[in-house]
Amino acid sequence: MSDKALLLDVVDLKVYFKIKNNKGLPWAPAATLKAVDGVSLKLYQGETLGVVGESGCGKSTFARAVIGLVPAEAGKVVWLGQDLTKLPHKELREKRKEIQMIFQDPLASLNPRMTVGDIIAEPLQTFYPKLSKAEVKQQVKEMMTKVGLLPNVINRYPHEFSGGQCQRIGIARALILKPKMIICDEPVSALDVSIQAQVVNLLKELQAEMGLSLIFIAHDLSVVKHISDRVLVMYLGNAVELGTSKALFDKPTHPYTKALMSAVPIPDPDLERNKTIDLLEGDLPSPISPPSGCVFRTRCPIATEQCAQLKPQLEGTSDHSVSCIHTAV
Amino acid sequence: MLDNKQNSEALSEFADKLEIEGRSLWQDARMRFMRNRAAMVSLGILVFITLLVAFGSHLSEFAFDDTDWGAMHHAPSIESGHYFGTDSLGRDMFVRTLLGGQISLLVGVMGAFVAVLIGTLYGATSGFLGGTVDRVMMRLLEILYGIPFMFFVILLVTFFGRNIFLVFVAIGAVSWLDMARIVRGQTLSLKNKEFIEAAEVCGVSKWKIITRHIVPNVLGIVAVYATLLVPQMILTESFLSFLGLGVQEPMTSWGALLQDGSQTMEIAIWQLLYPAAFMVVTLFSFNYVGDGLRDALDPKDR
Ligand SMILES: Nc1ncnc2c1ncn2[C@@H]1O[C@H](COP(=O)(O)OP(=O)(O)OP(=O)(O)O)[C@@H](O)[C@H]1O
Ligand code: SF4
Ligand SMILES: [Mg+2]
Chain B
0 MSDKALLLDV VDLKVYFKIK NNKGLPWAPA ATLKAVDGVS LKLYQGETLG VVGESGCGKS
60 TFARAVIGLV PAEAGKVVWL GQDLTKLPHK ELREKRKEIQ MIFQDPLASL NPRMTVGDII
120 AEPLQTFYPK LSKAEVKQQV KEMMTKVGLL PNVINRYPHE FSGGQCQRIG IARALILKPK
180 MIICDEPVSA LDVSIQAQVV NLLKELQAEM GLSLIFIAHD LSVVKHISDR VLVMYLGNAV
240 ELGTSKALFD KPTHPYTKAL MSAVPIPDPD LERNKTIDLL EGDLPSPISP PSGCVFRTRC
300 PIATEQCAQL KPQLEGTSDH SVSCIHTAV
Chain U
0 MLDNKQNSEA LSEFADKLEI EGRSLWQDAR MRFMRNRAAM VSLGILVFIT LLVAFGSHLS
60 EFAFDDTDWG AMHHAPSIES GHYFGTDSLG RDMFVRTLLG GQISLLVGVM GAFVAVLIGT
120 LYGATSGFLG GTVDRVMMRL LEILYGIPFM FFVILLVTFF GRNIFLVFVA IGAVSWLDMA
180 RIVRGQTLSL KNKEFIEAAE VCGVSKWKII TRHIVPNVLG IVAVYATLLV PQMILTESFL
240 SFLGLGVQEP MTSWGALLQD GSQTMEIAIW QLLYPAAFMV VTLFSFNYVG DGLRDALDPK
300 DR
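Each protein sequence line maps, in turn, to chains B and U. Taking numbering that gives the first Met the number 0, the leading residue of the first sequence gets 0, the next gets one more, and so forth. Taking numbering that gives the first Met the number 0, the leading residue of the second sequence gets 0, the next gets one more, and so forth.
Just so you know, these hints were derived from the structure itself, not from any lab. Even glycine gets a Cβ: it sits at the ideal position worked out from N, Cα and C. Watch out, some of these pointers could steer you wrong.
What the hints assert, rightly or not - Footprint (simulated), chain B over chain U, 3 or more residues, beta carbon under 8 Å:
id: 1; stretch: 20-29
id: 2; stretch: 192-204
id: 3; stretch: 212-225
What the hints assert, rightly or not - Below, in silico cross-link-like pairs of lysine-lysine (DSS-like), each with a Cα-Cα straight-line distance of 30 Å or less:
id: 4; chain 1: U; residue 1: Lys192; chain 2: B; residue 2: Lys17
id: 5; chain 1: B; residue 1: Lys145; chain 2: B; residue 2: Lys94
id: 6; chain 1: B; residue 1: Lys13; chain 2: U; residue 2: Lys190
id: 7; chain 1: B; residue 1: Lys132; chain 2: U; residue 2: Lys207
id: 8; chain 1: B; residue 1: Lys177; chain 2: B; residue 2: Lys136
id: 9; chain 1: U; residue 1: Lys192; chain 2: B; residue 2: Lys13
id: 10; chain 1: B; residue 1: Lys3; chain 2: B; residue 2: Lys250
id: 11; chain 1: B; residue 1: Lys136; chain 2: U; residue 2: Lys207
id: 12; chain 1: B; residue 1: Lys17; chain 2: U; residue 2: Lys207
Isolated chain B, as found in the complex:
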């Protein structure tokens, strides 16, 4: 990977939300919800990074902080050598040409009152207001063809399309500025399984064609395995394991990753019947009061007393690193 250009370097990113208790007095101090608590990673050009973890572990918040939709509490988001968290609003806006996003709910991410053409053209018109109408239309139609939409539906409205088609519209909108990186926040979770594969393959094709980097967030491990070069596993706002797709899926190391993997069905029925699923005990702790030391210790099968005192950091090689006191790669 190191032969490729470094695009994004996230250093110890933290995103905290202040949670006001409505029942309390107005001047009562707000609680702090640590949605993302110190995640670091690097993303290279043309690479796909998968992000997995259970619901509420901070995947979306991480993505939104990278793109600047929520302010970072601490840490750096270095994009091509420039720290985005320090950038004034106006310059950050300019970066939107290079970083784009695809959303989870295909229909909800499209303005119901705008035609498909207007939706896809909006980023173009925002950044290049001097473009003539005909030029914009030309580019929009080209992009629609590219994502597998018939250009003659340019005047239709989002509610006239299926979920998969809506997601293609969302992809076209994200691609029209020719960005370098796209953050996909569970882009296929809301789609039928058969459509999921189409959309994922479309993303892969477009990535190869345009040299895109992707951050691909998903629940579904098999989708992540299919599309990712490297995978980040998150738990309660922390990175617990990071590695190449091969290393991680062949040799899951962190107890949490192991539990996640064991829950994935294996295509071979014999193996599937004989395997054991390491069910995690207990519930996900609240990110308002995470456990001390290792955040996973309340559910970890191999936790010791030491785990409550020391907070493990990601350690290992650039190919595979894990954050656990008792296991190493």
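Knowing the structure of chain B, use the given hints to seat chain U with the ligands on it.
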């Protein structure tokens, strides 16, 4: 054979190039509205009343402030030309009812328009920007709510004298408060929709997000509320006129006519009946149209 194939290929290519026109949510809503019998009839009545009120006075030979000395408290008749009769001063009731309608409708529509314009922008801005700005704007609204409306009007009237323009200002200034609250609520729920976030990611400016993405999406509820606001405005104006705070003689409004008519209803019931009938029909029609719009724009609510 070959020709045929080429033909069909060319044809399908042509068909591909042809842009399909989509049906917007507005068009859908219009179709649903047109299928609503009561709303369509009411709309027809409203159009008719508006035209009559605007141009109908040409059908009569009398002016609104002419006194017909030979015909005071004259009952309605076709021959005399006083279709709706005359009032205690011998003025033609037909012309006066239409004039009253002009003023009442004008007050209603203008008041609603002012309320909608200010209320929508205020509410959308407050809801979208959120945080401290929102808090300050909402506190300001609450302070305005606290001002007693009637007191405010009486104050204005005693300071500046009776003036229809003041009635506009007073009604408009108070009625946008509700509108602002409604729009703010809608905006808050829209703000978390992904397409607003998508617009932000696309670099669209805050002002553009409000005008392009939020306002069009709250316009439905605004339209409904506005049509229901018009009859409310008309009623408020009538109420003010009834109290003697509205328009100044010899100008008139439906409310003022009702006030006059109520004093002579034992001897000349038509002086009450005609303006009352016009007003009731208008109010009903506005309410039916408003209901029809609500059903058309928000099909889930039915
Ligand atoms: N704007 C916000 N204000 C307060 N808390 C928030 C906000 N956004 C997210 N959170 C909290 O931060 C935590 C992480 O949420 P996030 O949406 O990032 O999780 P996620 O991993 O994307 O989950 P999912 O898989 O369900 O999308 C959750 O506990 C959530 O309640
Ligand atoms: S550090 Fe301790 S608690 Fe955390 S994963 Fe490792 S063994 Fe489990
Ligand atoms: Mg999420």
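**Prompt:** Looking back at the numbered hints, which does the structure fail to meet, lowest number first?
**Reply:** As far as the earlier hints go, not one is violated by this structure.
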